[in-house]
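Visitor: Here is what each chain is made of, one letter per residue.
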Amino acid sequence: MQFEDLVYKVKVNQKEKTILNGITGVVCPGEILAMLGPSGSGKTTLLTALGGRLNGKLTGKTTYNNQPFSGSMKRRTGFVAQDDVLYPHLTVTETLVFTALLRLPKTLTRDEKVVHVERVISELGLNNCRNSMIGGPLLRGISGGEKRRVSIGQEMLINPSLLLLDEPTSGLDSTTALRILNTIKKLASGGRTVVTTIHQPSSRLYYMFDKVVLLSEGCPIYYGPASTALEYFSSVGFSTSVTVNPADLLLDLANGNNL
Amino acid sequence: MVIIYNHFFYSFLLNKVTLIAILRLSPRGFELCPSRLQCQTLTTELTRHGLSKLFFTQMKYSVNCLLKKEMLTLSWQKWKIAGIAPDSKHVTEQSEALEHERKTVRESLILAYDKNIATRLKAEVSSMEVINFNNITKDACTSKCS
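Chains as they are written, first to last, in my numbering: chain A, 1 to 259; chain B, 1001 to 1146.
Hints listed in this document are in silico derivations from the structure and should not be mistaken for laboratory results.
C-beta atoms are modelled at their ideal positions from N, C-alpha and C, and glycine is treated no differently.
Don't take every hint at face value.
Claimed, not checked - Here chain B is said to cover these stretches of chain A; the calculated rule only asks that three of the stretch's residues, wherever they fall, bring their Cβ under 8 angstroms from a Cβ of chain B:
#1 131-141
#2 216-224
Stated by the list, open to error - With the Cβ distance kept under 8 angstroms, some of the chain B side facing chain A (calculated, not the full set):
#3 Leu1109
#4 Asn1116
#5 Leu1121
#6 Val1125
#7 Met1128
Unchecked claim - Calculated cross-link-like contacts (lysine-lysine; reagent style DSS-like; alpha-carbon spacing at most 27 angstroms):
#8 B:Lys1103 / B:Lys1115
#9 A:Lys11 / B:Lys1103
#10 A:Lys74 / B:Lys1122
#11 A:Lys61 / A:Lys74
#12 B:Lys1115 / A:Lys17
#13 A:Lys211 / B:Lys1115
#14 A:Lys61 / B:Lys1115
#15 A:Lys15 / B:Lys1103
#16 A:Lys186 / A:Lys211
#17 A:Lys61 / A:Lys211
#18 A:Lys17 / B:Lys1103
#19 B:Lys1115 / A:Lys186
#20 B:Lys1122 / A:Lys9
#21 B:Lys1103 / A:Lys185
#22 A:Lys106 / B:Lys1103
#23 A:Lys9 / B:Lys1103
#24 A:Lys74 / A:Lys9
#25 B:Lys1103 / A:Lys211
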């Protein structure tokens, strides 16, 4: 997937506000691109734009396998939103079977769809909670990490070539976040293109990303391999002598805080 | 209250709590000793006594050990009243200065991006247009449903 010079503007109180300002990048199959930045920097907007779900004045060029966005591409794109919208009274298996029945083509029989669900449950490590209810505010259910995996599972059912995830680890402890990212990494290594927004990754998570785009109020300030970000900032005069989580440092810079 | 150790080093008593802030005289004023250990000790002490980093940031004085040495410069007069909340005019001036500094940092980072990354990236995007990934297959795929 390639995106070039993406600019997105909205009108606020008769004034035009630039939400995304000239974002360019490339993500190849098997890679994970992480979008980093402070709150309100445009991460989710960029993700939504890449998923072809952004209405309004978006300019620039986005191509998927050198083709423009189309209905067929949309069908091959999985989009995991920030909030898990799940039925609290259904079990994990019921949730995924229900999704499979709705989203998989009619050419598949019910049994084939169930087999597909089983594969996804196994791939996402949801076997232990397969018969547990999702739960909600008034009903105790599966954990937050498991809910995130169910949401990812719903998108995995269509076996997407491009997987877009909005804050897949927010609100989770670092161990669960690592587990989720391991799952995502496994999905990417299977030949999928993964793009994710992430708010405050631990250093363990940070180094799992192949590429990083760092946004500051809609403007890109870094794009490239995650492993060379610190080296780059050091080369332009923003270095630190102490060992810190690179993601923290990048967020400091995106906020305009000098090191 | 200020206790002078010697000509170059000072230790402070603030709200009856001893804070291990060691300052060094420099041409620009007083600098926090840039030793990481000392900064950490100071940060721990400040936090323990409920004094947030924000308070000191408002005073244009940061206890973050990652800050550059020049950033730690503070006025002697300001430090003398550090135990007392700064007046609102002073805070406004400080926050404006901080905002200006943030803007400058952001602008320099955007310029650096345009200079060092944007051009290279556009060339990379152009070269990618000839690569076709159609022959790449993904696993866990059933041909019927993909």
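Visitor: Of all the hints given earlier, name the ones this structure violates by number, lowest first.
Guide: Numbers 1, 19, 21 and 22 - these are the hints that the structure violates, sorted from lowest upward.
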